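2 protein chains.
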Amino acid sequence: MRKVVIAGAGMTRFTGKQPRTAIELFGDAASDAINECGIKSKQVQALFMGNYLGDFEEGQAQLQAFTADYLGLAGIPANRYENACASASAAIRDAFIWVASGQYDIVLAGGAECATKMGTPLATRTFAMSSDSRYEYAAGVTFPGVFAMLAHLYSRRYNIPLETLKSQLYQVSINAHYYGARNPRAQFQKELTLEDARKSPVIASPLQLSDCCPFTDGAAAVIIASEEAARKLTKKPVLIAGVGQASAGSLLSQKEFLPRIRSRELAAEQSYKMSGLGPKDIGVVELHDCFSIAALIALEGLGFFPYGTAGQAVEKGETKIGGKIALNPSGGLKAKGHPVGATGAAQAFEVVRQLRGECGERQVEGVKVGMTDTLGGDGGTICNMILRRSW
Amino acid sequence: MRKVVIAGAGMTRFTGKQPRTAIELFGDAASDAINECGIKSKQVQALFMGNYLGDFEEGQAQLQAFTADYLGLAGIPANRYENACASASAAIRDAFIWVASGQYDIVLAGGAECATKMGTPLATRTFAMSSDSRYEYAAGVTFPGVFAMLAHLYSRRYNIPLETLKSQLYQVSINAHYYGARNPRAQFQKELTLEDARKSPVIASPLQLSDCCPFTDGAAAVIIASEEAARKLTKKPVLIAGVGQASAGSLLSQKEFLPRIRSRELAAEQSYKMSGLGPKDIGVVELHDCFSIAALIALEGLGFFPYGTAGQAVEKGETKIGGKIALNPSGGLKAKGHPVGATGAAQAFEVVRQLRGECGERQVEGVKVGMTDTLGGDGGTICNMILRRSW
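Order-wise, the sequence lines are chains U and D.
Residue numbers for the first sequence follow our numbering, beginning at 94 and rising by one.
Residue numbers for the second sequence follow our numbering, beginning at 94 and rising by one.
In case anyone wonders, no lab produced these hints; they're calculated from the structure.
All of these numbers come straight from a predicted model, not from anything done at the bench.
Mixed in with the good hints there might be a few duds.
Since the list gives no way to pick one copy over another, a pair counts as held whenever it fits inside one copy or between any two copies.
[Claimed, not checked] Below, computed lysine-lysine pairings styled on DSSO-like, alpha-carbon distance capped at 27 Å:
(1) 348 to 135
(2) 348 to 133
(3) 96 to 366
Can you make the complete structure from the sequences, with help from the hints?
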């Protein structure tokens, strides 16, 4: 298979409620990605688009077809991927194989979501559709509840008193907001104080509002190209060194592994194996901190810290820029925002920019390898991708 | 790229309202496909699943993850494809490239839909979400209206009086029911008389109820394997000789080409080119007759008859078994039924069975090459696939 790179990347500002459609937002992000590598639209051979709920949100299904037309790409094959919050990452992984196989040279991949028009109650209910509708949602569980349960399990499994864990979780969110305040595309560009975090309302004990990512509108896109085709497009092609994806059923079917997420361990293993790299090689990771506890679970599942120790590592500053691993310098889902169908592409956008050294005051100096990690539902899908400087 | 085959195929009976879920129906179809080639579940390396509206229909998004778990395949990468009525065909095409590239040897692809629980009014409204929500649905157009307009355009463009066209369309539906009556998996296993067709209520002039496919529950699945891996699985591997896919925007953006469907012409060209075959080589076609007029447009777009002449050809019996091209011997969407997210896989199921000579009284004798054609929305997606005997 051929080497595959990301030749260009674009991303809208992530926001709360705004008037534009997912198609229009994706158009902005894709145009930036296309323009960045100086190609003409007609050079794009296919579109791979993540979107979770365009039908519920805007009454628009099959939005990839209208998106292709809107971008002047009408006629190209265009797929929509619905892998819950990992939709864009699944789209990018398929784009990867179509280029790696030699079938296409230059394609567009990414995702878009306009989740906020629904309002919080309906968004919470419809997002819960990506858990098991037969046994999980039917029992009244929505995602804040799922991750609250994981926090309790985490506390018990690793003998970490709940109050100690809560202190660690506050620090996860404080760090996220610290970087979000320095990311002009972030939804929340404001630091979070420990006092603010402590005072924030309880959502699902032990999780408070400060532990939860917001509902978000936004889009992100990347141009994926063969290494050869990319030579004409960019001086800084970012190599897709490894991809991994795995699935899991309901939480009950994962019970032997909880509070770990089994699918993550499988997907991470695939991406490490394909790239020939390991956790120690990764300088920056954009991972799925939909809730603060999810960040700890992911840091451990990806192999950055032993099980039960990620919270301590965060408290010691080991996940800050300059520490052992730079965690979510974009602000993460928590502060940058989480337009679900776009999130994986936004993670790729940040890692690409980091590897190119374009992140200003939140730049991870000299970073050569980065990783993305996207979770769909409560483990239903995990996608990982390892990106590497190739210049 | 490696040669890729279909090593096994399964399909539920297509029905009206029934109590099981899309996951359970897909489980039945997939189990049949898996058992047919004697593999163990753990040999399946990935799942590619088409589904249009599981979220609206059953409150279940990301259903591919729970489907994988239900089938004992938990852990494998599992994607959901939403390309409206062409969802399963898009899934199969991606499965093809993952195997062709050498990344996987044996994968499962197909689709499922439980559309009927919603009832006709909500199904009609939600299906219309795969047209352009900004300009088409907003103008009050649902799919019966879209295809009625295409019928009027067809009549005018080719100077065929509407009453003449209607007679041709009756014959399209009568043929579909003739074969459906001989397909034990069809939703409507009853012949349609000319009198029944003439008396059926007008849905959107000139289309009557007899011109429209039903809402349907059902699932279909195929095992896709490398030619080498398939040697151990089946004595009759069906070669995927060519695939094609294209997109289009709203009808307005296709106006230069109407009543033709532009994306079909692009997709068919790709599949003919990849296979090195042409319309004259195809002995059986399963094409997208969601409305009777759609069958005529497809027969022409695929190159079987000159523009404006497909209706005459149908009347002359050229599309019957034994004629120039065997059209929808399964009964087609019209009589077999149209569970949208499963339809492309059901078309593949029928062509595979035809090539293997397993279709009893609706067998196309000695057929060596077949084709599938699936339409998403009003041209938003078209997928074509050319299948060939390899023994």
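Evaluated hints:
Only between protomers do residue 348 and residue 135 lie at most 27 Å apart by alpha-carbon distance; the minimum there is 20 Å, versus 49 Å within a single protomer. In this assembly of identical chains, residue 348 and residue 133 lie within 27 Å of each other by CA distance solely across copies; the values are 24 Å between and 50 Å within a copy. For the identical chains of this complex, residue 96 and residue 366 are neighbours both inside a copy (15 Å) and across copies (26 Å), given an alpha-carbon limit of 27 Å.
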